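Can you make the complete structure from the sequences, with help from the hints?
Protein chains: 2
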Amino acid sequence: MKKILLVSSILVLFVSCAKQSQVNSIKVTNINELNQAIKNCNAGDNIVLANGVWNDAQIEFYGKGTKEKPIILSAEEKGKVTIEGVSNLKIGGTYLEVHGLYFKNGHTPTKNVIQFKINNDSIANNCKVTQCVIEEFTQTDRDVSDHWVEFWGRYNELSNCYLTGKSNFGPTIMIRLEGNENIYNYHKIINNHFGPRPRKGGPHGETIQLGDSGTSMTPSHTLVANNFFERCNGEIEIISSKSNFNEFRNNVFFESEGSLVLRHGNYATIDGNVFIGNDNSKFIGGIRVINTGHWITNNYFYKIKGAEFRSALAVMNGIPKSPLNRYNQVTDVVVAHNSFIDCISPWQFSVGSNVGQSAVLPATEIRSARPERIVVANNVIYNEIPNENPIVNYDEVDGVKFKNNITNSDNKSEVKTNGLKTKDISVVKKTDNLYVLNENINKVYAGFDFETITKDIFGNERTSKNNSIGAIVNPVKEKAVLIDKSKYGTDWFQEYNKKTEAKTHNISTSEALITALKEAKSGAVISLKEGTYNLNSSLIIDKHITIVSSDINNKPELVFTSEKTAFEMQPKGNLMLVNITLKGNKFQNTFTTLDKNMSKAYDLFIDNVEIKDFKSVLEVSKGSFADTVSVTNSVIKNCERGFMLNKETNDGGDYNAEFVTITNTTFDNIQEVVLDYYRGGYDESTIGGNLTLKNNTFTNSGKAEKDQVLIKNRGIVNVELANNTFKNNPVKIIAILWGEKGQEPGENTIINSGKIEVVQNLELKLMY
Amino acid sequence: MKKILLVSSILVLFVSCAKQSQVNSIKVTNINELNQAIKNCNAGDNIVLANGVWNDAQIEFYGKGTKEKPIILSAEEKGKVTIEGVSNLKIGGTYLEVHGLYFKNGHTPTKNVIQFKINNDSIANNCKVTQCVIEEFTQTDRDVSDHWVEFWGRYNELSNCYLTGKSNFGPTIMIRLEGNENIYNYHKIINNHFGPRPRKGGPHGETIQLGDSGTSMTPSHTLVANNFFERCNGEIEIISSKSNFNEFRNNVFFESEGSLVLRHGNYATIDGNVFIGNDNSKFIGGIRVINTGHWITNNYFYKIKGAEFRSALAVMNGIPKSPLNRYNQVTDVVVAHNSFIDCISPWQFSVGSNVGQSAVLPATEIRSARPERIVVANNVIYNEIPNENPIVNYDEVDGVKFKNNITNSDNKSEVKTNGLKTKDISVVKKTDNLYVLNENINKVYAGFDFETITKDIFGNERTSKNNSIGAIVNPVKEKAVLIDKSKYGTDWFQEYNKKTEAKTHNISTSEALITALKEAKSGAVISLKEGTYNLNSSLIIDKHITIVSSDINNKPELVFTSEKTAFEMQPKGNLMLVNITLKGNKFQNTFTTLDKNMSKAYDLFIDNVEIKDFKSVLEVSKGSFADTVSVTNSVIKNCERGFMLNKETNDGGDYNAEFVTITNTTFDNIQEVVLDYYRGGYDESTIGGNLTLKNNTFTNSGKAEKDQVLIKNRGIVNVELANNTFKNNPVKIIAILWGEKGQEPGENTIINSGKIEVVQNLELKLMY
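So the sequence lines, in the order shown, correspond to chains X and Z.
The opening position of the first sequence corresponds to residue 1 in the UniProt record's numbering, with each subsequent residue numbered one higher.
The opening position of the second sequence corresponds to residue 1 in the UniProt record's numbering, with each subsequent residue numbered one higher.
Be aware that one or more of the hints could be misleading.
[Claimed, not checked] Sample of chain Z residues facing chain X (criterion: CB under 7 angstroms; computed from the structure): (1) Gly179; (2) Glu181; (3) Met217; (4) Asn266; (5) Ser322; (6) Pro323; (7) Asp332.
[Unchecked claim] Result set (DSBU-like, lysine-lysine): computed pairs, CA atoms no more than 35 angstroms apart in a straight line: (8) Lys67/Z - Lys455/X; (9) Lys67/Z - Lys403/X; (10) Lys622/X - Lys694/X; (11) Lys111/Z - Lys321/X.
In case anyone wonders, no lab produced these hints; they're calculated from the structure.
Remember, predicted model here, so these are calculated numbers, not experimental data.
We treat Cβ as the ideally placed atom computed from N, Cα and C, and that holds for glycine.
Laid out in structure tokens, this is it:
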């Protein structure tokens with residue numbers, strides 16, 4: 001076919017060892033040229049996007065390449081072609097490749113940024129997206145749902161890409177399986193770097209989801225291998241596998257607050273993966289198992305300290321004859337040759353057992369079906385500090401066969417078995433986080449089909465002569481590492497080189513403060529001299545800003561005189577106030593968020609601050625989300641209300657802040673509620689909020705609160721309320737704690753202030 | 001290993017073309033010798049059971065054969081080794097074969113007659129049962145559950161066997177999938193003849209069941225091919241596929257009252273099967289589809305006249321987010337290249353839609369999810385007598401893509417589509433029941449993956465040059481037949497040569513009657529001369545017996561004087577009474593069954609008989625089952641109760657009779673209920689009972705019936721009540737009909753006798 005080209009066309013000749021192949025390179029500089037080039041493209045063509053910003057580009061890349069001659073859509077220089085604004089990319093056809101595009105400063109107008117389908121008659125097969133970056137290309141409203149990469153068709157690939165910063169509703173990557181064209185897909189998601197996905201404060205924040213419950217009976221065969229998941233904290237499921245025969249191999253999950261979850265579908269392979277926790281987080285998990293027939297082998301768990309849903313190995317209870325979208329019983333699962341190093345109680349069985357909640361949940365939500373026909377064999381549990389409860393059981397453990405597992409601690413768990421023996425084993429540190437048994441324990445249990453476990457985590461052969469329990473067989477290669485950063489992401493994007501500078505602005509007038517705040521770069525410190533700063537407009541916080549007194553012994557006083565909020569928190573705003581006084585005129589709030597388009601989280605740190613004479617201290621909008629609100633060593637007085645984090649009232653599991661910590665602070669003469677922190681809906685996919693109230697004093701507050709409750713925390717999962725003093729607060733109830741989540745009041749001093757109640761089970765709205 | 005043999009050992013040398021193989025033949029004559037031989041057997045051995053009856057033989061056949069040298073357990077002469085009494089066979093090991101055994105006159109003491117497993121440590125793999133017969137080896141109590149062949153392990157085979165007459169609870173063949181040892185099983189059920197399985201009057205009467213809902217997510221890959229299913233009437237599911245990836249190829253379903261049902265599990269292949277109905281039965285079905293991803297190709301349906309669950313192609317509605325054991329939505333199914341010849345409304349969609357029953361069923365039972373992403377293409381519907389409603393829809397049909405289907409009738413269905421066109425096509429009869437398009441319709445729709453449909457029903461190639469819609473591509477081979485009896489069953493069992501003789505015994509005294517009844521062979525006729533026959537004991541009916549008057553104008557009178565029942569119906573008893581009077585003494589019943597062990601059905605035909613002065617006319621036991629109770633041209637009077645078929649009260653879907661027909665008969669002065677015919681429990685797996693009451697007269701009856709109901713028929717599905725006269729029956733209600741099942745009173749004359757009620761929805765006990 002003769003091509004009519006409006007653009008420059010260069011015929012390049014490549015010589016391969018086997019044959020000659022012609023690449024026809026077509027450079028395009030705008031969307032019209034691009035569309036024309038796509039319309040006319042043939043197998044072997046390379047359509048080159050000129051360097052620059054491609055704004056509002058909605059690209060439909062269609063063509064029929066061949067295995068030998070794919071059609072390529074590439075950046076003139078990788079990373080120098082940015083797709084911005086309201087843009088997306090749809091791919092339909094065969095053997096199409098996309099190289100080196102950089103999506104940022106925008107969002108998709110549809111449900112997907114990159115979609116392996118143009119429409120039902122034009123689905124991608126054998127297509128590839130590689131060396132691309134999608135960075136914070138997120139919807140302005142957290143509640144608007146999209147996916148960044150949506151797979152359809154068969155044999156498609158996402159490789160060597162870097163994706164980070166999705167803060168809105170919806171999994172980052174989604175595999176779709178509706179229709180015979182999309183099953184047996186053998187897609188590959190390989191060698192990518194999944195950068196941080198921030199906490200979302202609600203469900204639907206997975207990094208990868210493979211199918212959904214409605215297609216969970218289909219054969220998928222997607223391969224997720226050699227990816228690096230770095231602090232993917234979107235929700236409790238980093239990966240949510242919801243189809244059959246998926247494979248997860250040699251991925252690294254680094255300090256990611258969640259787990260690889262076999263949510264629906266069966267016969268997954270989880271082999272050779274690395275799960276690295278850290279020293280303090282209890283939210284970082286490992287593998288959570290539901291359904292049938294999975295093989296979990298050669299995985300390495302380091303310092304995973306989560307429990308229940310977030311334990312290193314969480315094997316759940318199912319719902320008898322479960323509805324399609326709930327929890328099938330776990331059966332016929334093999335867990336073999338895994339290493340658990342310095343994990344706390346790594347094996348947890350019948351997780352999610354909730355027979356005790358029969359009063360508040362319908363029968364179709366009661367997880368009472370225990371795991372059956374489970375084989376746990378040839379694993380090693382090593383703890384430098386003895387961990388005498390390697391197994392936690394939430395129900396009877398009668399369907400698990402333990403064989404030839406070794407630990408170095410005594411087993412004082414309720415579950416005792418000859419299949420987990422205590423031995424005096426020791427480990428040696430090879431490289432970062434990598435601990436290996438000093439010598440192989442060569443005697444292994446040979447269960448049914450165990451002969452298929454032929455290699456260890458590093459791909460070394462397991463032989464009858466040289467084998468070991470655990471994930472690693474000695475000898476380990478020189479310089480073996482758990483995280484090989486050369487494997488992940490692009491070869492051009494510098495994701496680790498972004499540092500914020502910390503310039504200090506010394507300020508002594510209101511005008512200077514306003515100017516400095518506008519002009520400061522993220523990370524700046526504004527140091528205020530002693531004195532009074534009158535301000536008649538809001539201070540906008542859209543970056544990292546610290547405002548601090550220049551004199552540790554004196555608090556500069558900021559006096560707000562308009563009716564507008566004192567501080568307006570915008571997306572990515574991160575405000576730290578230290579040693580300051582904030583004074584209002586009773587008509588404005590101290591802190592508010594934008595009314596909408598709070599696309600990303602904000603943070604608020606208050607230390608040694610006096611806040612007085614405001615309406616509310618904090619008022620937020622629906623859709624806004626604070627990662628952290630922290631108040632310490634402060635005084636808050638003569639306000640109408642305190643911290644109002646209560647606008648996510650859809651009861652869909654969403655909430656307005658993840659961590660709310662108030663310590664060593666005095667609240668005096670707050671007319672209504674001191675804190676209202678709300679999470680509604682029966683949801684288990686998030687951390688669920690964290691409230692710490694310790695060493696505070698509350699006096700003379702709540703007198704105008706119509707519910708006669710001083711602190712509202714309904715639905716928040718993690719609550720600590722201890723060592724506070726409540727004095728002369730005319731309310732009936734100080735707070736209601738949730739017994740089923742382990743909440744209990746600590747030592748509080750209560751004088752003439754109502755009482756702290758504990759309810760065991762909270763009735764929440766069912767979401768499905 | 002040197003073998004110690006207590007039995008004769010013959011070393012036989014076979015020479016094969018490729019290599020020499022030694023067969024060590026060990027003949028055994030009793031169970032001890034057999035056990036010893038099994039204990040000592042080696043690869044290549046043939047253990048030969050001596051001809052004769054092996055009574056109470058519980059055989060555990062264990063060994064390790066090889067592919068080249070299996071271990072064989074065989075009959076000295078096929079069919080001359082009968083396994084009787086309380087016997088069974090368990091097989092564990094590799095490459096074991098069982099040849100030529102004949103199970104009869106007994107039942108298994110365990111849950112299985114033949115089990116491909118001895119225990120969990122000894123499971124069969126690559127084992128085969130061939131050339132065996134299991135005939136009426138059924139439990140004595142219908143409610144005791146067993147399987148005749150239960151598969152475990154992998155690669156096992158049942159081939160060239162004949163199985164018939166299972167009348168108790170439980171599928172004839174069962175595939176078990178619990179545990180990794182039993183998945184990916186690739187079992188073969190091939191070339192068998194499944195002889196009649198009688199109606200059971202309750203659920204759990206499948207001929208083959210592959211898994212259950214609990215293992216329905218496992219990969220099975222069982223092949224069911226080239227079998228002949230002859231009048232397998234056990235329940236609505238002849239085959240119940242409840243696992244994934246099963247294949248059903250080239251089977252013949254001959255006049256079998258049920259369907260091949262894809263009950264749970266997904267991705268079944270149904271290719272090249274034949275479904276033959278007949279001219280009057282509405283109970284013979286075809287294929288019923290539930291779940292996802294099935295391919296239904298090259299099947300031939302002839303005179304299938306069933307509707308709803310029993311239609312030729314029944315595509316069901318699912319329950320949204322169905323519980324594991326209920327009804328998943330139908331999605332991603334292909335129905336292509338099938339032929340429907342002289343079927344009535346062969347395509348029925350959204351079968352089972354029951355939104356109207358919301359008042360009596362919980363939400364988890366409401367089938368409202370319509371089929372989605374269904375392709376119906378290249379099929380042919382031909383009707384000699386025009387059938388203008390080829391499609392029946394029980395809900396909107398919005399998820400089905402019809403492409404290139406042809407019919408010869410006008411389509412006046414509610415569902416109209418360009419994808420089903422009316423053309424003036426014609427067919428030619430080749431052999432029995434085989435009708436082929438006069439000429440190919442070569443233009444075919446090529447849907448996704450349709451290139452995998454490479455052959456027609458007879459294995460002929462479909463090519464781009466020579467193809468056709470429908471199951472058959474011309475030219476058809478000479479003498480092609482749908483049913484090739486040389487393929488099915490054993491090479492030794494004569495299943496078609498059993499005829500009952502019909503000798504007539506001419507009788508004139510009571511003693512002669514008693515003697516003749518004892519001595520008569522099944523099928524005999526006892527002809528009674530005019531006169532009175534006094535009988536002070538019960539007449540036992542355990543065979544086919546006809547008792548008839550020798551003179552068409554005179555009724556001999558049988559007068560029963562003891563308190564025992566007049567006639568005792570035993571298993572397989574089939575009594576026809578013609579032109580007789582039966583007189584009781586008010587203390588006994590006319591007909592009863594055994595109290596227990598009613599292992600097989602009985603039948604009762606009453607024509608022109610006068611029955612008077614009894615307690616009940618018919619009293620049955622729980623567990624008893626009459627296929628037919630037929631009364632015509634008769635008079636029944638002065639009894640306490642009429643026909644009492646009401647003892648299956650577990651509400652598990654069971655009932656005491658399948659067909660109850662009373663016509664042209666007078667009931668007079670029956671004190672209580674005239675008929676009590678009961679079926680309880682919400683079950684859809686049976687015909688559900690049939691009651692015909694036409695042209696009868698009921699007078700002066702029901703006066704002592706405490707419920708004030710004359711005729712009780714609760715839960716019976718098919719009821720006809722027409723042209724009867726009810727006069728002076730002091731009851732409130734004559735009968736209650738079930739509107740949802742289409743029951744309505746015909747023209748009845750009612751004088752001073754209460755009324756006939758219709759309730760739309762019947763509240764029934766849920767069974768699961």
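**Report entry** Unmet hints by their number, sorted upward, for this structure
**Finding:** none
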